[in-house]
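J.: For reference, the chains in residue letters:
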Amino acid sequence: MTRDQIHAALIEIVSDIAPDEDWTALTMDEPLKGRLDSMDFLDVVMELRKRYGVEVKEADYGKLGTMQSCIDFLESMLADK
Amino acid sequence: MAKSEQERIVITGIGLTAPNGNCLAEYRHSLLHGVSGVQKCERRYFGEALAGLCDFDATRHQKRKEIRIGTRAGSISIYCAHEALADAGLDIAALDVSRLGVFLGITEHGNVETENEIFEISKYNYDTKFWTHHHNPRTVANNPAGEVTVNMGISGPHYTIGAACAAGNLGLVTGAQQLLLGEVDVALAGGVSESPATFGIFAAFASQNALASHPDPTKASRPFDRDRNGIVVSEGGSVFVLERLDRALARGAKIYGELAGWCYNSDATDMVLPNSERQAQCMRQAIARAGLTPADITIVSTHATGTHAGDIKECEALREVFGDNCPDTYYNNTKSFIGHCMGAAAALELAGNLPAFTDGIVHSTINVDNLDPECALPNLVLNEPRHVPQVKAILNNSFGMVGINCVTVITNPNLS
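Chain order of the listed sequences is A and B.
Going by this note's numbering, the first residue of the first sequence is number 31, and it counts up by one from there.
Going by this note's numbering, the first residue of the second sequence is number 532, and it counts up by one from there.
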């Protein structure tokens, strides 16, 4: 997947998880914890597992802080998806 | 000795969703015009089933994320609680929320979530790392009441009461008891059901030969009819605002009725077959505790679910209590319209009868084409509603599995 495709996939996931948020207004550097709580982050991890077979270890949860950091972290793991 | 106004409990608000109405006015209109709410549906593994399903708008009081992470029972509870408080003319922003409690009866909880999750992980070779972290908060037994407190910011007490098909009455009784104990000043009390969202309940009743069938879904729930063949499983909710009378009067509240008496007991005999002697005891004690005699009861809201044995047992109990000397006592059945709403049943069935205190109409029992002689009762209101001069009191029956019984008596506030 390209970086743009990863971005689109993550927007789709967070839109399903928090459908009341306006995700079109999300900037690349905005902290996601302003829109997602801890249970929501576990949902993100679960959806990455279910949809793309990607495992995010608990020690790496901090790398999902912003859309930018998510894409940076997931790029290599989703390269062949 | 007469009770003080602080010892008398009244109903000041009603919020409900039933298969045939999403507010009291709509629901009552359906009951007076023979409108059922039963329809066909498909259930995983089971196939086609008949069920009473509700179509309330959950987004009226919940964000979409709340609906996603919560449960159907939670959504029903939240909808009904909000509507009840609004109906009571109470603004939660003006209330001391630490003195507001939520007490909801349920038959069961957690089966919907568990069935869904097992199905979900079946797609991943039953690997439990695909099991949701939402499972525990969704399945704790207090979930339906708890979701109300989270949604509405209520910091007073909450819990659910597991009481099988008597839960709707026991939710009401629990709310009253909490008020009498001084634990709360306002109680949101009643019962809810999400039961038809499972396949297991349909399969279990079918295995028990107790699941209703009929080519026309609206005719499948037929208590007292000779050709009845079982239960229609339904969902719904009815939440009442309960207050002590002194507080209700002080703020000029509308009063639907007074919870004048109740009784709950156990059959102590069988896991499924009801005990008419215990049911009769329960009814007599509830009536006595209300300071009334059987002849004072104008409407008996029967429990009858449409099972062959259950309907007969209740009629035996009713004949023992009321005999032939209660010419102003009328009997009706709400399950004939909406099916069996499980934890919500008794609460919804009471709600549907309360307007009789003002309009003087006893709603009917529909789908009785041929009355079973063993279910014959004097003044059993069949197929068409009946106008009566005055409704003094309602007796609301509910009898559940593993022999749990709860009967409530509600008196007309316009007469007391």
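Just so you know, the hints here were simulated from the structure itself, not pulled from any lab data.
Check the hints yourself; a few may be wrong.
Unchecked claim - Using 27 Å as the maximum straight-line C-alpha spacing, the simulated DSS-like pairs for lysine-lysine come out as follows:
#1 K660/B - K63/A
#2 K596/B - K80/A
#3 K660/B - K111/A
#4 K111/A - K654/B
#5 K594/B - K534/B
#6 K785/B - K923/B
#7 K923/B - K63/A
#8 K63/A - K87/A
#9 K654/B - K87/A
#10 K785/B - K534/B
#11 K87/A - K660/B
#12 K785/B - K63/A
#13 K93/A - K660/B
#14 K660/B - K80/A
#15 K80/A - K785/B
#16 K80/A - K923/B
#17 K923/B - K534/B
#18 K87/A - K785/B
#19 K63/A - K93/A
#20 K93/A - K596/B
#21 K111/A - K93/A
#22 K534/B - K596/B
#23 K80/A - K111/A
Please read these numbers as outputs of a predicted model, since none were measured by experiment.
J.: Is the straight-line distance between the alpha-carbon of K80/A and that of K111/A 27 Å or less?
T.: Holds. K80/A to K111/A sits at ~13 Å (cutoff 27 Å).
J.: Need the status of pair K594/B, K534/B: alpha-carbon distance at most 27 Å?
T.: violated (44 Å)
J.: Straight-line Cα separation of K63/A and K87/A no greater than 27 Å?
T.: Judged against 27 Å, a Cα distance of about 18 Å means the pair holds.
J.: Are the Cα atoms of K111/A and K93/A separated by 27 Å or less?
T.: holds (20 Å)
J.: Keeping to a limit of 27 Å between CA atoms, is the pair of K534/B and K596/B held or broken?
T.: violated (46 Å)
J.: Is K87/A close enough to K785/B, meaning Cα to Cα at most 27 Å?
T.: violated (57 Å)
J.: For the pair supplied as a hint, K785/B and K63/A, is the alpha-carbon distance within the 27 Å limit?
T.: Violated, because 45 Å separates the two Cα atoms, which is more than 27 Å.
J.: Has the given pair, K923/B with K534/B, been kept, meaning a C-alpha gap of at most 27 Å?
T.: holds (19 Å)
J.: Holds or violated: K660/B with K80/A, Cα cutoff 27 Å?
T.: holds (10 Å)
J.: Please verify whether K660/B and K63/A have alpha carbons no more than 27 Å apart.
T.: holds (24 Å)
J.: Given the proposed pairing of K923/B with K63/A, does the C-alpha separation stay at or below 27 Å?
T.: violated (58 Å)
J.: Decide if the proposed pair is consistent with the structure: K80/A and K785/B, CA atoms, cutoff 27 Å inclusive.
T.: At roughly 53 Å apart (the allowed maximum being 27 Å), K785/B and K80/A break the hint.
In the structure shown, a violation is registered for the earlier hints numbered 5, 7, 12, 15, 16, 18, 22, in ascending order.
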